[in-house]
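Novice: Sequence:
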Amino acid sequence: MVTETLFTNISQLVTPAPGVQRGAAMRDLTVIPDAAMLVSGGVIRWVGPRTDAPGIAQEHDLGGVAVVPGLIDPHTHAVWAGDRLADFEARVQGVPYEEILARGGGIRSSMRATGAASVDELVALARPRLRALQDSGATTTEVKSGYGLDFDAELRMLHAVRTLQAEFGLVPTLLIHVPPTEGRAEYVQAVCRDLIPSVAREGLATAVDVFTEREAFTVDETRAILQAAKAHGLQTKLHADQFHAIGGTELACELGALSVDHLEASGPAQIAALAASNTVATILPGVTLHLGLPAAPGRALIDAGGAVAVGTDLNPGSSPVFSTQFALALAVRLCRLTPAEALTACTVNAAAALGLSDRGALAPGQRADFLALHSPDWRDLPYTLGANPVRQVFIGGTSV
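Start counting the sequence shown at 899; every next residue gets the next number (the working numbering).
Hints are computed from structural coordinates only; laboratory data are not their basis.
Among these hints, one or two may not hold up.
[Claimed, not checked] Pairs of lysine to any residue residues, derived as SDA-like cross-links and limited to a Cα-Cα distance of at most 20 Å, are as follows:
| # | residue 1 | residue 2 |
| --- | --- | --- |
| 1 | Lys1128 | Asn1176 |
| 2 | Lys1128 | Ala1088 |
| 3 | Lys1128 | Arg1099 |
| 4 | Lys1128 | Tyr1085 |
| 5 | Lys1128 | Gln1087 |
| 6 | Lys1128 | Glu1152 |
| 7 | Lys1128 | Arg1091 |
| 8 | Lys1128 | Gly1154 |
| 9 | Lys1128 | Ala1098 |
| 10 | Lys1128 | Leu1153 |
Put together the whole structure using the sequences plus the hints.
Specialist: Below, the structure written as structure tokens:
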């Protein structure tokens, strides 16, 4: 027998509508004062005013606080080994990144350390990072590979994610991140011929992501990799326009990618392409804060009619952000989203960026992933900096 639980004493139940929200619709939240929510089998069955609640055997009093959907983090690199602390110290002293690389630092130092780590070591390192994201409100978190020196290291990263899926709600992505210094054409061929089929066969990832940049993969290389991904039944995503707009965003829209992420260098042409497509624009304000890059044009993307999501980009080099709530708050301050837009960006639109439609909203039929805040006013979620406004995290209706 499935137990039904009626969650009551909710000062405000606040939610976007289910499904991806575009443009001005991102501001349309439903706010139900003095609300209740019926959950059974891990799924929401009813929401509405407490006075209209159905009779039920088991009641859970939430204590007069606001309730919002669980946050979804659509872009993290939470599995890595080593650290970039020396890089950070050098960078804030003005040392150029090229010199940091020449000293043995930068992303290749993370790749060396990660490539040398076992699955068990990677799991142990990633667990507290994922717990921090969950404590901040993340009920679903995407985790990418991409720091492997070779294919075996990439597979170890994805096996670490698989192990951690027993403890956290994770969505694994194969990231083709950094090209080799020699033999690029052969490497791309091997990714398409060997790595992607292996990952698809073992079910180690749901999507393939490619870093498309002047310093990384070209548009043509990205196209070949993503076409191989689609041929093997995997979804597609891109890192694009972080430093230069070289056509990655347009390619993402052309191929129907789930999302294109970063977008700090996007201009009117890229904004127009995203607004006219079904591809979600995922912005990562932690990178702007940590590296001092221009902010992604979140305001312009929404005003043009695009669908915007927000992620932490948790990683050791460019965004050591261990709080999905903090990324939401930064999107308001740095990317000029309204609080309502930021909540939508971190819930239903973040779900859409991962190809998920069963979560992100508090509505009948949706997964019962939700947050009880410390405050009776939901706006404390985007307002708070330096403290955690989330009192309790529920996944499938169960407190974690």
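Novice: Run every hint past the structure and note whether it holds.
Specialist: Here's how the hints hold up against the structure:
no.	hint	in the structure
1	Lys1128 / Asn1176	holds, 17 Å
2	Lys1128 / Ala1088	holds, 16 Å
3	Lys1128 / Arg1099	holds, 13 Å
4	Lys1128 / Tyr1085	holds, 19 Å
5	Lys1128 / Gln1087	holds, 15 Å
6	Lys1128 / Glu1152	holds, 13 Å
7	Lys1128 / Arg1091	holds, 13 Å
8	Lys1128 / Gly1154	holds, 10 Å
9	Lys1128 / Ala1098	holds, 10 Å
10	Lys1128 / Leu1153	holds, 10 Å
Figure legend: structure checked against the earlier numbered hints; every hint is met.
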